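Student: For the first sequence, this note's numbering assigns the number 1 to the initial residue and increments by one for each residue that follows.
Simulated from the structure, these hints should not be mistaken for laboratory data.
For clarity, every value in this text was computed on a predicted model and none was experimentally measured.
Here a beta-carbon is modelled for each residue, glycine too, at the ideal position from N, C-alpha and C.
Honestly, I wouldn't trust all of these hints.
What the hints assert, rightly or not - Calculated cross-link-like contacts (lysine-lysine; reagent style DSBU-like; alpha-carbon spacing at most 30 angstroms):
#1 K205 / K106
#2 K106 / K83
#3 K11 / K175
#4 K41 / K203
#5 K83 / K118
#6 K50 / K203
#7 K62 / K175
#8 K11 / K199
#9 K216 / K83
#10 K199 / K118
#11 K205 / K41
#12 K106 / K203
#13 K118 / K62
#14 K41 / K118
#15 K86 / K62
#16 K17 / K216
#17 K175 / K203
To be verified - What follows is a list of derived Cβ distance ranges for each label pair:
#18 R47 / R172: 39 to 47 angstroms
#19 R47 / K219: 35 to 43 angstroms
#20 S116 / D54: 31 to 39 angstroms
#21 P19 / E93: 26 to 34 angstroms
#22 K205 / A104: 41 to 49 angstroms
#23 T217 / K50: 33 to 41 angstroms
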Amino acid sequence: MDAYELLKILKQHYPLKEPYWWAGAGSFEIVVGAVLTQQTKWENVERSLKNLLDAGTLELEKIASSELYVLEELIRPSGFYRKKAKVLKTLCENIVADFGDFEAFKQDVDRQWLLSQKGIGAESSDSILNYACFRDVLVVDSYTNRVLANFGYEFESYDELQEYLMSSLDARVYKLYPKDTTLAQIYARFHGKIVEFCKEHLKGKNIDESGLELLKTLK
DNA sequence: ACCCAGGTGTTTC
DNA sequence: GAAACACATGGG
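Build out the structure end to end from the sequences listed, making use of the hints.
Tutor: Okay, structure coming up:
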């Protein structure tokens with residue numbers, strides 16, 4: 001098994017409707033979603049995003065200048081709401097202070113800057129880099145870890161798992177997609193397919209019978 | 001009534 | 001450093 005083979009199987013069974021899988025890719029919304037989805041079901045994140053949208057607060061400058069308690073109530077459905085409200089507000093203040101606006105942020109931000117932000121770890125950083133900024137970064141998560149563990153792979157760290165997957169997705173992957181597809185987009189879709197697969201087949205720590213059946217074809 | 005979810009930071013051996 | 005804990009809502 002290598003990541004190329006895994007991608008081929010998932011691609012076959014999980015065609016994605018969104019070109020970058022994550023709805024709103026390239027927009028500020030991704031930054032918010034990346035924080036809100038930490039250890040949280042996406043359905044709950046959507047409630048929060050809708051609250052923010054309805055309140056006219058789903059914008060960089062608005063969140064930066066929001067009162068904390070207002071933000072807390074708007075994002076309450078996605079859990080850890082006191083912590084996440086603080087993280088979001090501080091992050092947005094820092095984006096404005098260091099980059100000016102979202103477009104400049106998209107252009108100039110790097111992984112180190114993101115990782116230096118309170119409440120933004122490796123996965124959130126990479127989600128923002130790939131899905132908001134379209135950088136050539138593959139997001140890995142607990143799902144990715146569990147799928148790979150099923151093949152007997154053990155990794156010391158997030159970075160090690162990411163390195164392994166990114167280095168095993170070589171030039172062959174381009175041939176699986178239309179000509180104008182970018183590497184960033186292929187990474188985006190690969191991660192998305194893993195999530196979709198896990199939502200359907202992962203029960204707790206284990207992959208269910210039909211999921212194993214699907215993976216068996218490349219074991 | 002439990003268990004889990006697209007993590008991250010802090011505290012404790 | 002690894003392991004345990006805190007953060008919290010909503011759905012199965």
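Student: Is K106 close enough to K203, meaning Cα to Cα at most 30 angstroms?
Tutor: violated, 36 angstroms
Student: Does K175 lie within 30 angstroms of K62 when you go C-alpha to C-alpha?
Tutor: Not satisfied, since the Cα-Cα distance of roughly 43 angstroms exceeds 30 angstroms.
Student: Honestly, do R47 and K219 meet the 35 to 43 angstroms range at C-beta?
Tutor: holds, 39 angstroms
Student: Are K216 and K83 close enough, with their CA atoms no more than 30 angstroms apart?
Tutor: Given that 30 angstroms is the threshold and the Cα spacing comes to 41 angstroms, the pair is violated.
Student: Would the hint linking K41 and K203 be met if the CA-CA limit is 30 angstroms?
Tutor: With Cα atoms ~14 angstroms apart, K41 and K203 stay inside 30 angstroms; holds.
Student: Hinted pair, alpha-carbon criterion (30 angstroms max): K41, K118. Please report holds or violated.
Tutor: OK: K41 and K118 at ~22 angstroms, within 30 angstroms.
Student: Tell me if the beta carbons of P19 and E93 are separated by a distance inside 26 to 34 angstroms.
Tutor: Holds - the Cβ-Cβ distance for P19 and E93, about 31 angstroms, lies within 26 to 34 angstroms.
Student: Straight-line Cα separation of K205 and K41 no greater than 30 angstroms?
Tutor: holds, 16 angstroms
Student: Quickly compare the C-alpha distance for K83 and K118 to 30 angstroms and report which way the hint goes.
Tutor: holds, 10 angstroms
Student: With respect to the beta-carbon atoms only, verify the hint that S116 and D54 lie 31 to 39 angstroms apart.
Tutor: holds, 32 angstroms
Student: For the range 33 to 41 angstroms, tell me whether the beta carbons of T217 and K50 fit it or not.
Tutor: holds, 39 angstroms
Student: Mind checking the alpha carbons of K11 and K175 for me, to see if they're no more than 30 angstroms apart?
Tutor: Holds, because 13 angstroms separates the two Cα atoms, which is no more than 30 angstroms.
Violated hints, in rising order: 1, 7, 9, 12, 17; the structure is consistent with all others.
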